[in-house]
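> Sequences and hints are given; from them, build the entire structure.
Protein chains: 2
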Amino acid sequence: MTQLITEREAADQLLAADNILLLAHQYPDGDTVGSNYALCLALRAMGKQVRVLCGDPIPERFDYITEGVEMPDFEPDFICAVDVADPTLLGPAVEAQYGSRVDLCIDHHSTNVGYAAATCVDATCAAVAMVVRRLIALLGIDLTPAIAACIYTGIATDSGCFKYLNADATAHRMAADCIEAGAPYDMINRVNFDIKSRARIELERLALEGMEFHHHGRVAVMPITNEMIAHSGATENDLEGMTPIPRQIEGVWVGITLRQKADGNYKISVRTGTHVDATAICTLLGGGGHVRAAGCTVEGTLAEAKAAILAATEQAIPRIVTS
Amino acid sequence: MTQLITEREAADQLLAADNILLLAHQYPDGDTVGSNYALCLALRAMGKQVRVLCGDPIPERFDYITEGVEMPDFEPDFICAVDVADPTLLGPAVEAQYGSRVDLCIDHHSTNVGYAAATCVDATCAAVAMVVRRLIALLGIDLTPAIAACIYTGIATDSGCFKYLNADATAHRMAADCIEAGAPYDMINRVNFDIKSRARIELERLALEGMEFHHHGRVAVMPITNEMIAHSGATENDLEGMTPIPRQIEGVWVGITLRQKADGNYKISVRTGTHVDATAICTLLGGGGHVRAAGCTVEGTLAEAKAAILAATEQAIPRIVTS
Numbered sequence: 009m010t011q012l013i014t015e016r017e018a019a020d021q022l023l024a025a026d027n028i029l030l031l032a033h034q035y036p037d038g039d040t041v042g043s044n045y046a047l048c049l050a051l052r053a054m055g056k057q058v059r060v061l062c063g064d065p066i067p068e069r070f071d072y073i074t075e076g077v078e079m080p081d082f083e084p085d086f087i088c089a090v091d092v093a094d095p096t097l098l099g100p101a102v103e104a105q106y107g108s109r110v111d112l113c114i115d116h117h118s119t120n121v122g123y124a125a126a127t128c129v130d131a132t133c134a135a136v137a138m139v140v141r142r143l144i145a146l147l148g149i150d151l152t153p154a155i156a157a158c159i160y161t162g163i164a165t166d167s168g169c170f171k172y173l174n175a176d177a178t179a180h181r182m183a184a185d186c187i188e189a190g191a192p193y194d195m196i197n198r199v200n201f202d203i204k205s206r207a208r209i210e211l212e213r214l215a216l217e218g219m220e221f222h223h224h225g226r227v228a229v230m231p232i233t234n235e236m237i238a239h240s241g242a243t244e245n246d247l248e249g250m251t252p253i254p255r256q257i258e259g260v261w262v263g264i265t266l267r268q269k270a271d272g273n274y275k276i277s278v279r280t281g282t283h284v285d286a287t288a289i290c291t292l293l294g295g296g297g298h299v300r301a302a303g304c305t306v307e308g309t310l311a312e313a314k315a316a317i318l319a320a321t322e323q324a325i326p327r328i329v330t331s
Numbered sequence: 009m010t011q012l013i014t015e016r017e018a019a020d021q022l023l024a025a026d027n028i029l030l031l032a033h034q035y036p037d038g039d040t041v042g043s044n045y046a047l048c049l050a051l052r053a054m055g056k057q058v059r060v061l062c063g064d065p066i067p068e069r070f071d072y073i074t075e076g077v078e079m080p081d082f083e084p085d086f087i088c089a090v091d092v093a094d095p096t097l098l099g100p101a102v103e104a105q106y107g108s109r110v111d112l113c114i115d116h117h118s119t120n121v122g123y124a125a126a127t128c129v130d131a132t133c134a135a136v137a138m139v140v141r142r143l144i145a146l147l148g149i150d151l152t153p154a155i156a157a158c159i160y161t162g163i164a165t166d167s168g169c170f171k172y173l174n175a176d177a178t179a180h181r182m183a184a185d186c187i188e189a190g191a192p193y194d195m196i197n198r199v200n201f202d203i204k205s206r207a208r209i210e211l212e213r214l215a216l217e218g219m220e221f222h223h224h225g226r227v228a229v230m231p232i233t234n235e236m237i238a239h240s241g242a243t244e245n246d247l248e249g250m251t252p253i254p255r256q257i258e259g260v261w262v263g264i265t266l267r268q269k270a271d272g273n274y275k276i277s278v279r280t281g282t283h284v285d286a287t288a289i290c291t292l293l294g295g296g297g298h299v300r301a302a303g304c305t306v307e308g309t310l311a312e313a314k315a316a317i318l319a320a321t322e323q324a325i326p327r328i329v330t331s
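Chains as they are written, first to last, in the numbering used here: chain X, 9 to 331; chain B, 9 to 331.
Some hints here could point you the wrong way.
One copy or two, it doesn't matter: identical chains are merged, so the pair holds either way.
[Said to hold, decoys possible] Here are the simulated DSS-like cross-link-like pairs (lysine-lysine), alpha carbons at most 30 Å apart as the crow flies:
| id | residue 1 | residue 2 |
| --- | --- | --- |
| 1 | LYS275 | LYS56 |
| 2 | LYS275 | LYS314 |
| 3 | LYS269 | LYS314 |
| 4 | LYS269 | LYS204 |
| 5 | LYS204 | LYS314 |
No wet-lab data here; the hints were simulated from the structure.
In C-alpha cells:
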C-alpha cells in the first residue's frame, strides 16, 4: 500500500535525495517528457545527479526539450516516476528493472494504482506538469526559460492547446507564468499542434474517404487499415490524434475509429458527445474506458468489426436508432 | 483626423453617453461579436439603451452569445464601432448610414485608419475583447457569466484557441478571469474549434486529394474549385479556416490555397513559415498582405492560376528552387 503524501512532503523527499532516476511512461507524450525534464533541470540546478529514463525513444518533435541535456548513466539511490499511473505503463524493460522499487510517484491520474512507496497525486490538474511546477517552487528553484518550456509543453499538450474542459483558470494562469518566464510558446504550439507530416495528411485523406455515416449521421465510422497506413507511409507518430476526427463532425453522437493492428484485428476507439456513454458501448465487446472515450478490440475483417461495433452501439444506445 | 484617447477617456465617453449604437464588422467573427455583445450587456446593466448592429447575419455558432438578447431599434445619440479598423469593413449598407459619424472606435488593429471622432486602440492585445474587458472594469461593471462568455470567445477565437503568437501571458490571464467568472469555455471551444460540418469534411478530403507539392515539398498548392464546393455542399461558413492547411504540412515553406470565386477566377492565399515573405510573392501578382499571410487574385483556369503563383514564388524566393 502506498503512502499518499502532500506536495510539501514530496518536495522534502526530493530535497533529501541524490542520484535520482526519473521515469517517464512509454509512448511518451508532452506531459511526461516535459514534466520529467523540468524536474531533472530543477534538481540539477541544486547540484544533484539526476537522469530521465523512458521505455521508448522520445519523439523528435520534443528535440527542443531534450537537446543538449546529457543523460549519463549511474546507479540510482532514489527512483521517482512522473505521470506514470501504473508500473506497466513504464514498458516491459523499465518495469522489470525498476517497477517494484519506485520511491515516489508524482501524478495527476485519479486511477493511479498506488505502486510506489509514496504517491503525490493531484487529479484536479490538467497536466502533471502543474504539480511539478509547484514542486519546483517548493524546492526553491526559479522558472528558467528551459524549465518554463517543459512545464508549458505539459500543460498545452495535455489540454489540447487549452481546448479541453481541463484547461481551467489554474492551467491558464500557470501557462501565463511560463510564458513570462521565457517559454517559447509560439514554437512549442507550432511543433505540437500545427505541423503534420505529408504521410499524416495522406492518411487523413484516405480515412475520410472511407468514413461512413449511420443512423441519420448520428454515428460516424472511420477505418484506418494496414493498407491505408502502408500506402500513406504513416508511422506510429503520424497516427496520434486521429480518433477524435469522426466525433468532431456536426450532428455526430458517436464517433468510431477502427484501427487495424499488425495482427489484422481491429482496435476500436469510441468518442461520444454529451449524453452518450462510450463505455456502455465498448463493455459489450469486452472493452472499457471513460464516459466520453472508450475502446475495445474486435477480431475479424473490417466488415465484421464494423458490424460488431454498430450492433453494440444500437444495443447500448437504442434511441440512436430512428426511422 | 481622429483623436487618440486612453481607455479611461473612452470609458468616460461611454459613461456620459446613452442611446448607444455599437457596430460590428461584416463577416463577423468571434472577436467582433463577443466584444460588441459584452459591451452591450455591460452598458445595459448601467440602465442605458444600447444595441448592436452588424452588416451581415451573425453565424449560428454564436447563438450562445446572441440568444435572448433583444435588439430593439432606436435613433442613436452615440455611435461606437468595436473591432472595425476601417469604415469599409462595416459593409456597404452600414457604412453608408453610419460610417462617417462614428463617435468612438475601440480597436486592436495597428492599421486602424482613424475614421472615428475618437479612437481607443491597443495593438498589443490579441483580441479587442481584451480592451473591452478593461473598459467594462473601468465602467464599474462586474464580469457576469454572459459577459465572461463574450470576452472569452473574443480572446480564444482571435488567438486560434491560444495557439498563435498573440496568445501571451496577458491573454491567458484574462481568459482565466473569464473562466472563473463562469464562461462556459468547454462549450465555447467545442463550438468554435471542434465541430466541423459533413460538407466541410468532404471539402477537406477533396482539397487534400487535389493537393500538389513542388520544389521538394517546400511548396504545397491546394485547389478549392467551385466544382468541389458544389459537390461537397459546403457553404461560405464551411470554407473558413481552410487556408492554413497547406502550410501546416511538415517541410512546407510556402502553403498556397487557390480558391475559385463565383466569376471563375482564383483568389490565392499564401501562408509562409519563418524566413519566407508571403507579401513578396503576392505583390508580384498585384496583391499584398503581411509577412506570413498574403493574397492576390488571378484570372484564368486552375492550371493558369497555379502556373502564375508558382512562377511568382520562384521569382520572389529564388532559393526555393533547388536541383
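> All the hints need checking, so say for each whether the structure fits it.
Here is how each hint holds up against the structure:
For a Cα distance limit of 30 Å, the shortest separation of LYS275 from LYS56 qualifies neither inside one copy, at 43 Å, nor across copies, at 59 Å. Taking the closest pair of Cα atoms, LYS275 and LYS314 come within 30 Å of each other only inside a single copy of the chain (11 Å); across copies the shortest separation is 41 Å, beyond that limit. Only within a single protomer do LYS269 and LYS314 lie at most 30 Å apart by alpha-carbon distance; the minimum there is 15 Å, versus 40 Å between protomers. Taking the closest pair of Cα atoms, LYS269 and LYS204 come within 30 Å of each other both inside a single copy (22 Å) and across two copies (28 Å).
In this homomeric assembly, LYS204 and LYS314 come within 30 Å of each other (Cα to Cα) both inside a single copy, at 28 Å, and across copies, at 23 Å.
In this structure, the one hint that does not hold is number 1.
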